[in-house]
Amino acid sequence: MMTWQVVPAGTFKRRRRRTLSDRGKSIERVLANGTPLIATLLLAIVPIALIIFPSPAAENNRGAQLAAMCAACHRLDALDKGIPSIIGLDEKKLADMMAEFKSNKRTSQIMNVVARSLSDEEIAELAHYLATRKKGSEQP
Amino acid sequence: MNCWTRRQFGCLAGAACLTALAPRVARGEAKSRVVVIGGGIGGATVARYLAASAATIEVTLVEPKPRYTTCFFSALYLAGMRSFESLTHGYETLAQRYAINVVHDSAATIDPVAKTVGLANGTKLPYDRLVLAPGIAFKFGAIEGYDKAATEIMPHAWNGGPQTELLRRQLESMEDGGVFLIAAPPNPFRCPPGPYERASLVAYYFKQFKPRSKILILDAKDSFFEQDLFQDAWARHYPGMIEWLPSQFTGGIKAVDVKDLSVKTAGDTFKGAVVNFIPPQMAGTLAQQAGLADQSGWCPVEPTTFESKLQPGIHIVGDATSGGDMPKSAFLANSQAKVCAFAIAAALTGSERFAPHLFNTCFTFLAADDAVSDAIALEPTGGTIKISEILISQVGEDAATRRQVVQAANGWYVAFTHDVFG
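Chains A and B supply the protein sequences, listed in that same order. Those letters in the first sequence? Residues -12 to 127, per my numbering, in order. Those letters in the second sequence? Residues 51 to 472, per my numbering, in order.
Don't read these hints as lab results, they were simulated from the structure. Nothing here was measured: the structure is a model prediction, and the numbers come from that model. Please note that a few of the clues may not be correct.
[Stated by the list, open to error] Only pairs whose alpha carbons sit at most 30 Å apart, straight line, appear in this in silico DSS-like list of lysine-lysine:
hint	chain 1	residue 1	chain 2	residue 2
1	B	LYS257	B	LYS309
2	B	LYS309	B	LYS260
3	A	LYS89	B	LYS436
4	B	LYS436	A	LYS92
5	B	LYS304	B	LYS198
6	A	LYS79	A	LYS68
7	B	LYS115	A	LYS68
8	B	LYS189	B	LYS321
9	B	LYS271	B	LYS314
Same shape as in the complex, but just chain B:
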């Protein structure tokens, strides 16, 4: 708003007056300070729920990017069914309505003894509690030839943003009859149904605009999540278009060559007109540098607080965490973040703590009018987190049921991004 009304001025003047006269404790100096690094789904949710649950906690959210693009639902964008803009969300509401101090910079250092975060611009942010939501990093070097430069030619598109746009441009300019090659990563990785949903919706796009094209999935695994649901859908919607080759068939993915857009397995070389190479993954870089990841490459956490098992006082949420049955998904990151926020609020303000509940739902599109979902409840038990309830869509459900899931999925996206970004 550019134009100040007198009424608004009155509000501000009142606030300024409070600043001048309120005792020190109410002014800010005695407030607890929480710094959240990473403005993805987990980080933004922690910041929002901390800010909303306790006025005495001052929340700073550190995120270099001015806007966040969701990786979930990006398959709909790749298929031309959704705009890129519709996947993009700003931090304005978190800053304005929730009074979160949003700092658009990178966190460069963490000093757990002095309890400060050093930003790239040299600023030091003191904290009482630190939350990291570092997301994933890619294991460049694990596959010969696939380094950061290779991502500009064979995009992973496994973070929402320019990579997603690059892959869409490549698919759009691909000639009819080309092969779209997807290299699917080994477990564990972000969004277990993701590579296969991407194959399904790109097939949906090809079927309409490039019907002679093929999709080849080279998998680092021998099976994948909801495999029966996907293979049933591929046979019904895109007969003969999608081929999936498990690791036991190819002997595993060994190398890439960006010059001729090829992927080498133990026994063969496969060429694609477009190659979407989704590499092996680990917890985000800052988590690695801060000593929060164990030998697995992921960050073990206390199941009721999401405090690091390796560095007390630092909490971690989202895809970077590991523990029990937790899948890496935006939905679960949001659920973890709420558990973490309530635990931190309880620790800093003495507010009451209740038995935590964690849920995950993945809505997965198989075609424009065909989607499936799974729902799980997870509970902290015996020092880890285990699935307590699970229901998954079944092969053979009628078309009306599947259309209802499409409708629910679209409604979920609206509510979920509102829950995270306000």
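Same shape as in the complex, but just chain A:
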């Protein structure tokens, strides 16, 4: 049966590192101490855990769905080799660049095709999404 145990320890930890506040860190210390009270403490943190460990579905908005298409060529953790990285850039710069690809002011066979197929609104939402990504912190 697939239940919660299929979420491996590693996944859990990564999510925790990215999303936990200081409050979360103190819980981690309690766990690491491994006191005889650990079972009780675990019971106590369950309701908190349900709140502070959000779903792995970080974002599923239009920006995220469009960025998924970019991910076929550009790594969303910015560890690109031979292909320009597109995350964590200035939002306006990114949107302007896409507008230039769209109008052929800037030429790249692939990017001209991609930009022309997106509306201005889509470009704005995509640029916003990509600009907020951080290097090495790809969403699961």
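Chain A is already provided as a structure; the job is to place chain B on it using the hints.
For chain B alone, coordinates are given in the frame of chain A:
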């Protein structure tokens, strides 16, 4: 990891505790279940994006092979420019980071009424939505003499894996001065530039190590994708080495004889020292058995959801699908898979749906430092999928431009396989 730290134990203990105390809905029983059959590019991408886009969807990926070898970039391996290992990818990250239940077994049956998939080992997997990414099957019997046993002598090498390795061994042991014969399939088939890229890079290998050898392409067609780009490159890089014979010249490919490594056309018999026979193709076997393919042999799909037009509730992605202008390529399979995953997530969780976009790019190597690309955007329109934008490399581009495409192609492989397999 073999050694458990206390911190990791704490994480696990916390997870176990959640299992015990969380209400039924959060425990799993009330989760939506999606089964994805086929761990190639399309299937693995659907699984990954479904798992990442909704925590309430439980994803099972069924794939018999422990590792996947890409067919794209296999021409570089055949030419000795890339290792076989570099084309091979595991499912560990999908299982561990994305919590996908990866089952290494074959799907034997589909029951669309009971909504279960039966595995070869007898297990039944219930599903709310089913995704098939069955890839291609070969039409054995379409060409006299070319059956499954013949593939061990005249490999198709049109799936990445042992077939690719067999063809490489044959090319390596071929004596200088031999003829490498490629039989190119009729449309539609997986990877339209593929047979011609293979000819180009094997010619690159021959030019260095077996310069008296020749390559003969017997084509089931009268023209092929990016023909001008290929023929220009063959004349520049490998003058006199590659000969292409269209169907109208030979009268069509009729039969093979594995005993003397020959291919018969309407009027002639051609012998090769190595024969790479790429047969006519259709949607993968399971799609045929499940009644998902129409008379064309391919699976018609709804253009915004990739749900079967023949069996509602079952989605199909990848080379097995048909519709409008869609080429059969790994890049497009990945693009289709994302559209499909977002549509399923919306159907099962109520998440918002946006206008789907589909893209395809083929990077094609002509020599080690010469590559071309094409880019297309596709859009669902009028019940089918049509090309809305297209740009293709041109004959006469300078060497620097072509070298840039080589660099982009290599970068793309890294990013793309990361996107699919994590």
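Do the hints match the structure? See the list:
no., hint, verdict
1, B:LYS257 / B:LYS309, "holds (28 Å)"
2, B:LYS309 / B:LYS260, "holds (24 Å)"
3, A:LYS89 / B:LYS436, "holds (20 Å)"
4, B:LYS436 / A:LYS92, "holds (26 Å)"
5, B:LYS304 / B:LYS198, "holds (17 Å)"
6, A:LYS79 / A:LYS68, "holds (24 Å)"
7, B:LYS115 / A:LYS68, "holds (29 Å)"
8, B:LYS189 / B:LYS321, "holds (22 Å)"
9, B:LYS271 / B:LYS314, "holds (15 Å)"
Violated hints: none; the structure is consistent with every hint.
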